[in-house]
Amino acid sequence: MKSLLAPLARSAVTILIVLLAILVALWLWRRYETDPWTRDGHLRADIVRVTPDVAGLVTQVAVHDNQAVKPGDILFVVDRPRFQLTLAQSDAAIASARATLLQARREAQRDLALGDLVAKETHEQNVARVATASASLAQAESQRDTAALNLARTTVRATVRGIVTNLDLHPGDYIAAGTQAMALVDSDSLRVEGYFEETKLARIRLGDPVVVHLMGEPRALYGRVDSIAAGINDSERSNTTNLLPNVNPTFTWVRLAQRIPVRVKLERVPAGVALIVGRTATVTVQPRVQP
Amino acid sequence: MTGEISIGGVYLPTILLLTVAALLLTGLLTRLFAFVGIYRLVAYRPLVDLALFILILGLLALLTGPSA
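Protein chains in written order, with the working numbering: chain A, 777 to 1067; chain B, 12 to 79.
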């Protein structure tokens, strides 16, 4: 009897150990393969492409590289004297138009006083001349307003709270209207974007707490899932010139899950952590306990 | 869970290092078990060794980081 029991006990112990190992293996698989975390995350922010509305010589650069600015701070000034001259010119044009109008009015009134001594045609011409002169005055006034606007636009100001970075603009540079002059990193829009495999998206919900580890930073940052991207590019198709889709005929046997950007709003950042746009981050979403 | 460990600027997945560590530990432990004579209590030694490796790996993974 005892000789039969011993092998049974040995088998039972073995099976128990193996079952335990299977459970642990499943736990490991869950932890590394299905739990929503990714090493492929980046710190991102909106970049304001600061651009002047008027062209000209840069006369003053009021910021230095990597300087923090507030909305309304002067960044740089473009050729103010030239636009002041244009404004003065428009003022002179207004004076000229006004003089012409007054003269036209005086002549019209004189001719009216003379009554029938003046040809009807001349009266009509007088009315037309007054109208033309008054239109010219209005035109000159609107040109002056434009010149004043251009003068105001020579001073380029920050539109957001942020940091000027990679500044390569110097007094004496000529800048064309619409050319980007510098990059302004919008500090208020700092966020982490985790690129999650699409297989893990089912376990991510808006508002889930998130732990973020920046590369080389021992302290953790905390945040919440803010939103999930609405779309990514479909690499399997492209458009042709006749607008018919060109679908890639090869489909790989072994394939990779695509990555979907998930936006994380940072809520708690330890003091002293350098939030530099582009830093690599490990993003772990902690699924909330089901109520 | 940081997810990776830096060795001279090269970032390796933690699980890789844990696997290597678990392999070494399993090797030591099987020697010890053979010396003590624990293998007399089980039916099929290779299966138990494999299970031991997985158990040690799970234990290391549990110890190295808070579970998500």
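Keep in mind that the hints were calculated from the coordinates and are not lab data.
Please read these numbers as outputs of a predicted model, since none were measured by experiment.
Backbone N, C-alpha and C fix where the C-beta goes; we use that ideal spot for every residue, glycine too.
Among these hints, one or two may not hold up.
[Claimed, not checked] A short, non-exhaustive set of chain B residues, derived as facing chain A with CB atoms under 7 angstroms:
| id | residue |
| --- | --- |
| 1 | Ile49 |
| 2 | Leu52 |
| 3 | Val53 |
| 4 | Tyr55 |
| 5 | Pro57 |
| 6 | Val59 |
[As the list claims (entries may be wrong)] Stretch-level coverage of chain A by chain B, calculated; a stretch enters the list once three of its residues show a Cβ under 8 angstroms from a Cβ in chain B:
| id | region |
| --- | --- |
| 7 | 958-966 |
| 8 | 1028-1040 |
Item to complete: Using Cβ atoms only, decide whether Tyr55(B) comes closer than 7 angstroms to chain A, and label the hint accordingly.
Response: 6 angstroms, holds
Worksheet item: Should the interface hint for Ile49(B) be scored as holding, given a Cβ-Cβ cut-off of 7 angstroms against chain A?
Response: 10 angstroms, violated
Worksheet item: Any CB of chain A closer than 7 angstroms to the CB of Leu52(B)?
Response: Where the cut-off is 7 angstroms and the nearest Cβ of chain A is about 6 angstroms from Leu52(B), the hint holds.
Worksheet item: Per the CB criterion, is Pro57(B) less than 7 angstroms away from chain A?
Response: Constraint on Pro57(B) not satisfied, violated at 10 angstroms.
Practice prompt. Tell me if chain B covers the region 1028-1040 of chain A under the three-residue, 8 angstroms CB rule, please?
Written response: Not satisfied, violated; 0 residues make the cut.
Fill in: Status of the hint placing Val59(B) at chain A (closest C-beta pair under 7 angstroms)
6 angstroms, holds
Worksheet item: Are there three or more residues in the region 958-966 of chain A whose C-beta lies within less than 8 angstroms of some C-beta in chain B?
Response: violated (count 0)
Worksheet entry | Proposed interface contact between Val53(B) and chain A, which counts if any beta carbon pair is under 7 angstroms | 5 angstroms, holds
Violated hints, listed in ascending order, are 1, 5, 7 and 8; each of the other numbered hints is respected by the structure.
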